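With chain X's structure known, arrange chain H on it following the hints.
Chains as they are written, first to last, in my numbering: chain X, 1 to 482; chain H, 1001 to 1221.
No wet-lab data here; the hints were simulated from the structure.
Remember, predicted model here, so these are calculated numbers, not experimental data.
Where is the CB? At the ideal position from N, CA and C, for every residue including glycine.
Partial list, computed: chain H residues near chain X (C-beta under 7 Å): (1) Asp1074; (2) Ser1103; (3) Asp1105.
Label pairs and their computed distance ranges (CB to CB): (4) Ala385(X) <-> Asp1156(H): 50 to 60 Å; (5) Asp1170(H) <-> Leu338(X): 35 to 45 Å; (6) Gln1120(H) <-> Ile390(X): 55 to 65 Å; (7) Lys1060(H) <-> Lys476(X): 15 to 25 Å; (8) Lys1116(H) <-> Pro389(X): 48 to 58 Å.
Chain residues, written in single-letter form:
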Amino acid sequence: MYIFKYAYLSVTRNKGRNILIGLIIMAITISACIALTINKSGENLVNTYINSNKLEITFNMDTGIYRNATDEEKETYTPITIEDVINYGDSSYVSDYYYTLTSSLESDDIETVSYDEMFQMPDDRETDSTSSTDTSNRPSFGGGTTGFSFVAYSNQGYNENFVDGTNKITSGEMFDNDSTENVVVISSDLADENNLEVGDTITFYSSTDDTITYEFTVVGIYEDSSTIESTSGMGQNNSRNTIYIPLSIAKTILANEDDSVTNKGLSAKFYLNNNDDLDAFETEVREKGLSDVYTVSTNEDEITSTLEHIKNMSKFSKSFLIVVLIIGAIILSIINILNIRERKYEIGVSRAIGMTKSKITLQLVAEMMIVSLAALIVGTTIGVATSQPITNSILASEISSYQTESTQISENFGGKNFGTNTQRGGSFTKNIDYVDSLKVTVSAITILQLFLISIFLTTVSGIIAITFINQYEPNKILQNRT
Amino acid sequence: MSIIKIEELYFTYDGSKYVLQKINMEFEKGITYGVFGKSGAGKSTLLSLIAGLEVASKGKISYLNKDLSKINRDKYRCNEIGVIFQSFNLLPHLTALENVILSMDISDLNVKDREKKAHQLLNKVGIDETKASRRVLQLSGGEQQRVSIARALAYDSEVILADEPTGNLDKDNEEEIINLLSDLAHKENKCVIIISHSHNVKEAVDTVYYLENGKLKESKD
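The shape of chain X in the complex, shown without the other chains (with noise of 0.2 Å):
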């Protein structure tokens, strides 16, 4: 055709204007390109991490929606059952799922853990109770015969205190998932402060009716290591008062209390085969019966904290992208609004002699094509050598300022470390080692992105011209000329 072996020429031939043109876009791609980069980058990064830390799923109360509703709609809200729990996880979408269920019985047998004993010096231990130190300033919490939390995992495989190593049996074993007897494991604070060992007995009795008793033999001790920051403390939620059970016995247990104490004690863990299923497997749930009071909540925020500034970095690139394309746009239809009214002689010279308006309208975006192709080549390759270096840049940024909050945070505490995420809204009980390294690659896609950027960029141009060569009549710009 010949419309693009005059465009050529007339690129090659003004220089000057089109190397302005040129720069702009090459502006545009450069920054894109980075932009672009960053963005993908970051985002496999975060998707690659997710896939490879499986999503738990929970189903949660909206409290807020329950206070909201009507009587008549909270009688409609009907809690989770373990038949419902079974029944959920019976999916093709779900890989695997537990359960944990959690009561209290009260017992006079054996006292609980507090924290007089937590605090306790190991010279303290050992002076008895006439000893001159003082303790009176400490909190003294718990050490009660109530306050024991009873916990039952229908797959002990998931029991995340043995799995990450708090917990750690130390005398005796653990029971098997299917045990059917009256056995508990406890902590070896628990086993102290009650001088208890492997094969003693204990009674323990409901806390809403004393005359059901039970007798458990105690078959494993677990050290467990977790920081007292770690622990809330009190009684029942210091996690060395917490005894762990046979599910089969948990159940006994929870069939002997009201429906309020059953439901309450019961928790369920769902993974997927794929985290992409996320909406499939709600979708599911729901129409097996999953009130819309309970919401369907994942630890993804937990699994990416580590990520959190990467994902920082993935949002506000692609604002950056889109706010550069806004900009360069506008700036393009503006530097095209001159070019064409510069070019009106050239315009009316061409309907004079008989080029149609869809040709001229086609030689001009052809120019920019050629224009927007050179600098396409030159941008990327420029984006591709630069995105590296900038991102290491803003990463360090980024991770600089999230310490600077840490140690803020930390601060305020008197020097004290509670490893609270910086993230807002989350609280997590270890600190973050944020990922330090992002290493970008520009991908196919990225240069087909920035290729529909610049085909954007020349169709705005070409609007832009056919918009002007329509309004021009030959006669009058060469009679204007004249």
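Chain H alone, transformed into the frame defined by chain X:
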């Protein structure tokens, strides 16, 4: 037989005042026509109408009995008529040769070696190969007008319209351009219509039309 016929032509730019009124003219091949008149008489407007750059407000202009207002005027301009402008109206970023080839490219002309034909046309109007490869702004006014004539001839049009073709030229160049245009009519049997103020053109053309205040006053064979 007339190749272009103008019947009861009226034209207005603003819808109120007619710049051309009740014009009736006929143009034939092999004859040079001169349209004269004072500035503002409507000469250039008449040429624009014949070139299909404007459309008659009333009346009609026919090319080979086809009403110009009803045909594709872009195709008409690039195939049927060649226009020569006073200010040449060549594309400045192209060479003389490329300006001529561009006209061939735009038209439906079926020529295998366009470059060769363009060189032949430029040689015919006195532009050699060296000058043909120069950008038009590097040529003199007379040379640019010759290129403009070569461009008008590029697609073998039957009608050549020239709007003040010698207006920007010196006497020697004026004479050569007039001779060129006369030869096109007399030797190549084209219809040549020249809008001009020039006395030399008036002397050279076969038929003269006078326009006064948009009206045709008299004609001279």
